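> So the chains spell out like this:
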Amino acid sequence: MNLIKVENLKKDYINEDVVTSVLHGVSFSIEQGEFVAIMGPSGSGKSTLMHILSFLDRSTGGLYQFKGKDTKDFPDDYLATLRNREIGFVFQSFNLLSRTSVLDNVKLPLVYSDKKNQDQLAKKALDAVGLSHRLEYYTNQISGGEKQRVAIARALVCDPAVIFADEPTGNLDSKSGNIVMEILQRLNNEGRTIILVTHEQDTANHAKRIIRVKDGNIVADELVKTRTIASDGKELVK
Amino acid sequence: MNFFSTIKLVIRTLLARKGRSFLTILGIVIGVAGVIIIIALGAGAQSLVLGQVTKLGSDLLSIQPGKSNEKGPPAQVFGVVVTTLNEQDEAALQDSGRVPHATAVAAMVRGRTSVTWGNKNVDTSFVGTEYTYPKVVKITMQEGQFIDQAQDRAAANVVVLGSAVAKELFEDSGTDPIGQVIKVKANAAKIKGQAESASVPLRVVGVITPRGSAFFQDQDDQIFIPVIIAQQQLLGIHYFQAIMVKVDSSDNVSQTILDVKTVINQQHHIKREADEDFTIRNTADAINILSTITNALSLFLTAMAAISLLVGGIGILNIMLVTVAERTREIGLRKAVGASNAAVRNQFLLEAGTLTSLGGFIGIILGIFVAYLISLLMHALGYDWAFVISLTSIILAIGVSILTGVVFGLYPAFKASKLSPIDALRYE
Numbered sequence: 016m017n018l019i020k021v022e023n024l025k026k027d028y029i030n031e032d033v034v035t036s037v038l039h040g041v042s043f044s045i046e047q048g049e050f051v052a053i054m055g056p057s058g059s060g061k062s063t064l065m066h067i068l069s070f071l072d073r074s075t076g077g078l079y080q081f082k083g084k085d086t087k088d089f090p091d092d093y094l095a096t097l098r099n100r101e102i103g104f105v106f107q108s109f110n111l112l113s114r115t116s117v118l119d120n121v122k123l124p125l126v127y128s129d130k131k132n133q134d135q136l137a138k139k140a141l142d143a144v145g146l147s148h149r150l151e152y153y154t155n156q157i158s159g160g161e162k163q164r165v166a167i168a169r170a171l172v173c174d175p176a177v178i179f180a181d182e183p184t185g186n187l188d189s190k191s192g193n194i195v196m197e198i199l200q201r202l203n204n205e206g207r208t209i210i211l212v213t214h215e216q217d218t219a220n221h222a223k224r225i226i227r228v229k230d231g232n233i234v235a236d237e238l239v240k241t242r243t244i245a246s247d248g249k250e251l252v253k
Numbered sequence: 008m009n010f011f012s013t014i015k016l017v018i019r020t021l022l023a024r025k026g027r028s029f030l031t032i033l034g035i036v037i038g039v040a041g042v043i044i045i046i047a048l049g050a051g052a053q054s055l056v057l058g059q060v061t062k063l064g065s066d067l068l069s070i071q072p073g074k075s076n077e078k079g080p081p082a083q084v085f086g087v088v089v090t091t092l093n094e095q096d097e098a099a100l101q102d103s104g105r106v107p108h109a110t111a112v113a114a115m116v117r118g119r120t121s122v123t124w125g126n127k128n129v130d131t132s133f134v135g136t137e138y139t140y141p142k143v144v145k146i147t148m149q150e151g152q153f154i155d156q157a158q159d160r161a162a163a164n165v166v167v168l169g170s171a172v173a174k175e176l177f178e179d180s181g182t183d184p185i186g187q188v189i190k191v192k193a194n195a196a197k198i199k200g201q202a203e204s205a206s207v208p209l210r211v212v213g214v215i216t217p218r219g220s221a222f223f224q225d226q227d228d229q230i231f232i233p234v235i236i237a238q239q240q241l242l243g244i245h246y247f248q249a250i251m252v253k254v255d256s257s258d259n260v261s262q263t264i265l266d267v268k269t270v271i272n273q274q275h276h277i278k279r280e281a282d283e284d285f286t287i288r289n290t291a292d293a294i295n296i297l298s299t300i301t302n303a304l305s306l307f308l309t310a311m312a313a314i315s316l317l318v319g320g321i322g323i324l325n326i327m328l329v330t331v332a333e334r335t336r337e338i339g340l341r342k343a344v345g346a347s348n349a350a351v352r353n354q355f356l357l358e359a360g361t362l363t364s365l366g367g368f369i370g371i372i373l374g375i376f377v378a379y380l381i382s383l384l385m386h387a388l389g390y391d392w393a394f395v396i397s398l399t400s401i402i403l404a405i406g407v408s409i410l411t412g413v414v415f416g417l418y419p420a421f422k423a424s425k426l427s428p429i430d431a432l433r434y435e
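Chains as they are written, first to last, in our numbering: chain A, 16 to 253; chain B, 8 to 435.
Hint data in this document are derived by calculation from the structure and do not stem from the laboratory. Treat the hints with care, as some may be off.
Stated by the list, open to error - Going by beta-carbon spacing under 8 Å, a handful of chain A positions derived as facing chain B:
{"hint": "1", "residue": "Thr-96"}
{"hint": "2", "residue": "Phe-109"}
{"hint": "3", "residue": "Leu-112"}
{"hint": "4", "residue": "Arg-114"}
Unchecked claim - For each label pair, taking beta carbons as the anchor points, the in silico distance ranges come out as:
{"hint": "5", "chain 1": "A", "residue 1": "Glu-237", "chain 2": "B", "residue 2": "Lys-425", "range": "39 to 47 Å"}
{"hint": "6", "chain 1": "A", "residue 1": "Lys-82", "chain 2": "B", "residue 2": "Val-318", "range": "53 to 61 Å"}
{"hint": "7", "chain 1": "B", "residue 1": "Ala-23", "chain 2": "A", "residue 2": "Arg-100", "range": "23 to 31 Å"}
{"hint": "8", "chain 1": "A", "residue 1": "Lys-82", "chain 2": "B", "residue 2": "Ile-372", "range": "50 to 58 Å"}
What the hints assert, rightly or not - Below 30 Å or equal to it, Euclidean Cα-Cα: the simulated DSS-like pairs (lysine-lysine) are:
{"hint": "9", "chain 1": "B", "residue 1": "Lys-425", "chain 2": "A", "residue 2": "Lys-130"}
{"hint": "10", "chain 1": "A", "residue 1": "Lys-130", "chain 2": "B", "residue 2": "Lys-15"}
{"hint": "11", "chain 1": "A", "residue 1": "Lys-87", "chain 2": "B", "residue 2": "Lys-425"}
{"hint": "12", "chain 1": "A", "residue 1": "Lys-25", "chain 2": "B", "residue 2": "Lys-425"}
{"hint": "13", "chain 1": "A", "residue 1": "Lys-190", "chain 2": "A", "residue 2": "Lys-223"}
{"hint": "14", "chain 1": "B", "residue 1": "Lys-25", "chain 2": "A", "residue 2": "Lys-138"}
{"hint": "15", "chain 1": "A", "residue 1": "Lys-240", "chain 2": "A", "residue 2": "Lys-139"}
Bear in mind the structure is a predicted one, so any value in this text is a computation, not a measurement. Beta carbons are placed, not taken as given, at the ideal position from N, Cα and C, and that holds for glycine.
Sequences and hints are given; from them, build the entire structure.
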């Protein structure tokens, strides 16, 4: 069974009777444990595709099956539950709560779940990104790279089936970006599905498979032949 | 997500934004306290004004000699001396067959004099009246008794002191005023055959409990003597300056006014209304006039209170609007990590509820406290100021401020719930 399967997926934006078609009908499937990069230039529709796959938005046509079930008729509240349990997000601009501690930021998804021992779960997730020493720091007191690692810990904390990373290195220097990619690769090695959205070939090369999107269509779907392994991160976890 | 964890979440959110929370609460505090203080001030002022009148009783008629215009003062105010009101009139009014609703009738004359005891000398005003006076005007005795019927009929040389007069004459020496004899100076110029320094010795039989002022006249700076003594020995006149009639119930005031008119017109052989030589005043009329004024005052103050609420509300609106973009993005993030629309709405509702109820509570306490301070100040200044906190003002203030807080607090939440999570997340 595919984790994610889309067939002829479409997305149109209707604005004052002008219909703008962003996705013209894309089809592919993603298995459990894959590391896929969705790649394309600005305006190609890659972000829209990610938002639909991660239940942040709905398609306007075609089929989207998640874990074998058609998502078309899922009500909004069930989509919220799915985002909470099955999806983790890492955004380009971090989207952390300001004036709030690192620990509380990581606990945010747990607040909307019925999980117990929330403090331990959050600490475990922070441990996995090497930030155990920053628990009580406020998000404005840490560096950009650390912010993105807090965001990864937040994405991990509910033990989701898939993590969506939308240009996770876009706002970071190359060293911090490398650390972030190393963490994502390690999580993938541990069996977690990662879907990376980027416009940079270098970043996409960290994945195992690249789906190329252009003008709302898939132009290529290929395995990465010479994969980049980010190893600089090892020193940081220790 | 249960209620308890929502509360924890809300408290954490509010503490993380102390400045905004403080300003929101401040807006509500100002609005609520403003309304309570302003309305309490209105009620206090109203009680002060009306209290001056109602002290005399709302069922009291005063018959004064001389015709007056509908609302104008009686003739005697202009120096015209009308001498037609006398003891025959009073006797006729006391006839229960002719004026059935009169429970007590007391005649009065007034004047200024000076009283002496030992080496103390006090200028004061005197009221010559009858033993029925306490039945007509509410007074209580601090010591001794009022002039009794026998002393009244016999024109005994007795006097009842107002508390201020008693204090001034006797307090220094610590003497009990009862039984002491004071000298009251006669108006020598008006009484033929009396020496210039003539004075009347009077024995003190009672002291009246302090009453404050009525119609803005100090009621404690007065002495009361039998009306015959006042007429013959102090003033040298034979008529009354007023006859007061107490009516059994305020419902019967207008009937009694007609009865009194009939009786006096018969006594004075007057057939046409235009010839009437007396005026009947009643306190109910005065209360009505003053109520109209104080109600207008209350209305004005309520409008001021509404403005103060509006200002508080606009303050809250400002704060909410400034943060709406940030809050919308926050809602987008919360929805992205799994918050349902209901969870977001509950959080914002509880947040607005916490801020407004906290602000409302502080506002009520502050408003009552300040209103109380003002009433203390007014008492210290010698006014009969009532400390009144009306339930209506509290309900009004809380209602409006909660409405403002909740409406403006929920505004971003409703706005964001219409957006998809990703649109909320990207909101600028």
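> Work down the list of hints and note, for each, if the structure agrees.
How the hints compare with the structure:
1. Evaluation of the Thr-96 (chain A) hint against chain B yields a held restraint, the C-beta minimum of about 7 Å falling below 8 Å.
2. Look at Phe-109 (chain A): its Cβ only gets to about 10 Å from chain B, farther than 8 Å, so that hint breaks.
3. Taking 8 Å as the C-beta cut-off, the interface hint given for Leu-112 (chain A) holds, the closest approach to chain B being about 7 Å.
4. Interface hint at Arg-114 (chain A): satisfied, since its Cβ lies 4 Å from the closest Cβ of chain B, which is below the 8 Å cut-off.
5. Between Glu-237 (chain A) and Lys-425 (chain B), the C-beta spacing of about 40 Å keeps the proposed range 39 to 47 Å intact.
6. As the Cβ distance of Lys-82 (chain A) to Val-318 (chain B) is approximately 56 Å, the hint placing it in 53 to 61 Å holds.
7. One distance hint, 23 to 31 Å for the beta-carbon pair Ala-23 (chain B) and Arg-100 (chain A), holds here, with the actual separation near 26 Å.
8. Distance hint for Lys-82 (chain A) and Ile-372 (chain B): a CB-CB separation of about 57 Å, consistent with the stated range 50 to 58 Å.
9. A hinted pair counts as satisfied when its Cα atoms are at most 30 Å apart, and Lys-425 (chain B) with Lys-130 (chain A) qualifies at roughly 28 Å.
10. Straight-line distance between C-alpha atoms of Lys-130 (chain A) and Lys-15 (chain B) comes to about 16 Å, which keeps the hinted pair within the 30 Å bound.
11. Restraint check for Lys-87 (chain A) and Lys-425 (chain B): satisfied, since their Cα atoms lie roughly 19 Å apart, inside the 30 Å limit.
12. Of the pairs offered as hints, the one joining Lys-25 (chain A) and Lys-425 (chain B) holds, with about 22 Å between alpha carbons and a cut-off of 30 Å not exceeded.
13. Our distance criterion of 30 Å between C-alpha atoms is met by Lys-190 (chain A) and Lys-223 (chain A), whose separation comes to about 21 Å.
14. At roughly 27 Å between alpha-carbon atoms, Lys-25 (chain B) and Lys-138 (chain A) fall within 30 Å of each other, so this suggested pair holds.
15. As the CA atoms of Lys-240 (chain A) and Lys-139 (chain A) are separated by approximately 34 Å, the hinted pair breaks the 30 Å bound.
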